[in-house]
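Chain by chain, the residues:
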Amino acid sequence: MNASVREQFPILNQEVNGHPLVYLDSAATSQKPRAVLDAVRRYYELDNSNVHRGVHTLGSRATDAYEGAREKVAAFIGAAHPEEIVFNRGTTTGLNLVAASYGDANVNEGDEIVLTPIEHHSNLIPWQQLAKRKGAVLKYIEPNPDGTIDVEAAAKVITDKTKIVAIAYVSNVMGVVHPVKEIGALAHKHGAVIVVDGAQSTPHMKVDVQDLDCDFYALSGHKMCAPTGIGALYGKKALLEKMEPVEFGGEMIDDVGLYESTWKDLPWRFEGGTPIIAGAVGLGAAIDFLNELGMDNVAEHEHRLAAYAMNRIQEIDGLKVFGPQDRKVGIVTFNLDDVHPHDVATVLDSYGVAIRAGHHCCQPLMRWLEVSSTARASFYLYNNEQDIDRLIDALIRTKEYFGDAT
Amino acid sequence: MQLDDLYRRVIMDHYKNPRNKGKFEDEGVTIDLNNPTCGDKISLQLQLEEGIVKNARYTGDGCSISMSSASMMTEAVKGKTLPQALELAERFSSLMKGEDVEFDEYEDIEALSGVNKFPARIKCATLAWNALRKGIEREAH
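Respectively, the protein sequence lines represent chains A and B.
Taken in order, the first sequence gives residues 1 to 406; the numbers are from this note's numbering.
Taken in order, the second sequence gives residues 1001 to 1141; the numbers are from this note's numbering.
If you're looking for bench data, these hints aren't it; they were derived computationally from the structure.
Glycine is no exception: its CB is placed at the ideal position from the N, C-alpha and C atoms.
Treat the hints with care, since some could be wrong.
To be verified - Under the rule of at most 30 angstroms between Cα atoms (straight-line distance), these lysine-lysine pairs were calculated in the DSS-like manner:
#, chain 1, residue 1, chain 2, residue 2
1, B, K1016, B, K1134
2, B, K1134, A, K399
3, B, K1041, A, K132
4, A, K134, A, K161
5, A, K320, B, K1134
6, B, K1080, B, K1097
7, B, K1041, A, K320
8, A, K320, B, K1016
9, A, K320, B, K1054
10, B, K1117, A, K399
11, A, K399, B, K1041
12, B, K1080, A, K399
13, A, K139, B, K1041
14, B, K1054, B, K1117
15, A, K139, A, K161
16, B, K1117, B, K1097
17, A, K399, B, K1016
18, A, K236, A, K189
What the hints assert, rightly or not - Negatives, chain B to chain A, calculated, CB over 10 angstroms:
#, residue
19, P1018
20, F1024
21, K1041
22, D1061
23, S1094
24, R1121
Said to hold, decoys possible - Negatives, chain B to chain A, calculated, CB over 10 angstroms:
#, residue
25, G1039
26, E1050
27, I1065
28, R1133
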């Protein structure tokens, strides 16, 4: 990634608390390039209209833009058909749809749902609720001490009673890529489906849902340069076709009577109400932007940054990093001895360095790590080695500050 | 933004040398409260006798601001009637809003006035006080 990539993100060109902003919280949400901001603005200025009903010209332009974005998402993650892509609000909504629709129809009392304790709350609570509704059993794959997940550990808990295996492709805390393809094959051998939380993988590496052979894959636009409020769920056509909608209203119907109604074809039956048209346009523009850079280049850039960060951060005495030494994705979670993560984040912010502190929507994982919260720095395509140097300097100052203050 | 506005010496002293930290043997009024956005936790115990807070203790896990605030609150509230304790909590809310209020009964609290300049940290400072309010409300019903 060269410097011109960074220049395409207007927000990065500002001072925070008297220092040039170093944004290291992209795992929470990414910044947006000018191309995306312009696309959304252009849509509203030129094409804004409702989709799938207007006979007028703006109506067709908006529909083309919206459906065009769907095709881009399908191609970006290697889906076989655009109708396998359901637009929604984000990963949380996608996972909830699978749990409520597929889950309710296919999981019964005594069946098993297999997860890991590393999951984000959004890939945990929908399954917890499903298990409660149905009297199903939740089982957890035991991670290795460094937070990685092995297929062997998965094999110990996946059985013929397992109906759903749900796992993140990349952990939002540990920065680890999980072997979802192998775990998926195992799930299929036992007649279960695999649901992949793609929130942290889609922005950072090439994804091919057909190669992974996953049954469902959920993603969020806002973590991959698109606006907030847009996401997508991929589902294999054969599965989506058998699923009932969970939201009913306009846009999703075929024929409505006083006592009975029928639904539109895929994917629209899952998109009740006026969809997030401008968001989808923004997501399409974000995908164009990422494709132009090349996802392999994005991944390589992050891998290099992560390696640099891992080496430098461990120069700091009394700093503990969670997760394995080698990581492909730019997420580094850590704690500084004797300084609470919130205090670390506040001091870093005073030096213009934005990181996340807290439980990262992973309370079970925090308990597993035996901490109440952690600090997390996460990188994206616009970060560079100077950003990491600034992080290290600010961490050293944090240590000094709290050393002096006591 | 001045870090020293936030982390005054007296705050760090309460953080490193917390007052009233621990648990009573006997039951009192116990209030458990979390700050779900960041994971801070407090368990506050109040011993009440005839409408007066005889003693207060807490256990918890949190940042320097939330834990020092708990330490100060438990010091300040001792010997107060429930209406006095509630008034103290109200005054602390005013302090967090940047209003010019005093705590003659326990001046250390005034060191937390700087939190007002760090909006993201106000929730840390108010956690223990919210637990106190909950405990008082529970007794009033």
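Please work out if K1117(B) and K399(A) have their alpha carbons no farther apart than 30 angstroms.
22 angstroms, holds
Cβ separation check - R1121(B) to all of chain A, threshold 10 angstroms
Check fails; 6 angstroms does not lie beyond 10 angstroms.
For S1094(B), is the shortest beta carbon distance to chain A beyond 10 angstroms?
At about 23 angstroms from chain A, S1094(B) clears the 10 angstroms cut-off, so the statement holds.
Given hint K1117(B) paired with K1054(B) - CA-CA distance at most 30 angstroms
Given that 30 angstroms is the threshold and the Cα spacing comes to 34 angstroms, the pair is violated.
Hinted pair K139(A) and K1041(B), Cα distance within 30 angstroms:
27 angstroms, holds
Under the criterion that the straight-line Cα-Cα distance not exceed 30 angstroms, is the pair K1016(B), K1134(B) satisfied?
Holds, because 26 angstroms separates the two Cα atoms, which is no more than 30 angstroms.
K1080(B) and K399(A): Cα distance at most 30 angstroms?
Roughly 39 angstroms between the alpha carbons, so the hint for K1080(B) and K399(A) is violated.
Checking one constraint from the list: CA of K1041(B) to CA of K132(A), max 30 angstroms. Satisfied?
Roughly 27 angstroms separates the two Cα atoms, so the pair holds.
Has the given pair, K1041(B) with K320(A), been kept, meaning a C-alpha gap of at most 30 angstroms?
22 angstroms, holds
Measure nothing beyond the straight line between the CA atoms of K1134(B) and K399(A); if it is 30 angstroms or shorter, mark the hint as holding.
36 angstroms, violated
Measure nothing beyond the straight line between the CA atoms of K1117(B) and K1097(B); if it is 30 angstroms or shorter, mark the hint as holding.
9 angstroms, holds
Hey, does D1061(B) actually stay past 10 angstroms from chain A on C-beta?
Violated: least Cβ distance 4 angstroms, not greater than 10 angstroms.
Hints 2, 5, 9, 12, 14, 21, 22, 24, 25 and 27 from the list above are not met by this structure, while the remaining hints are.
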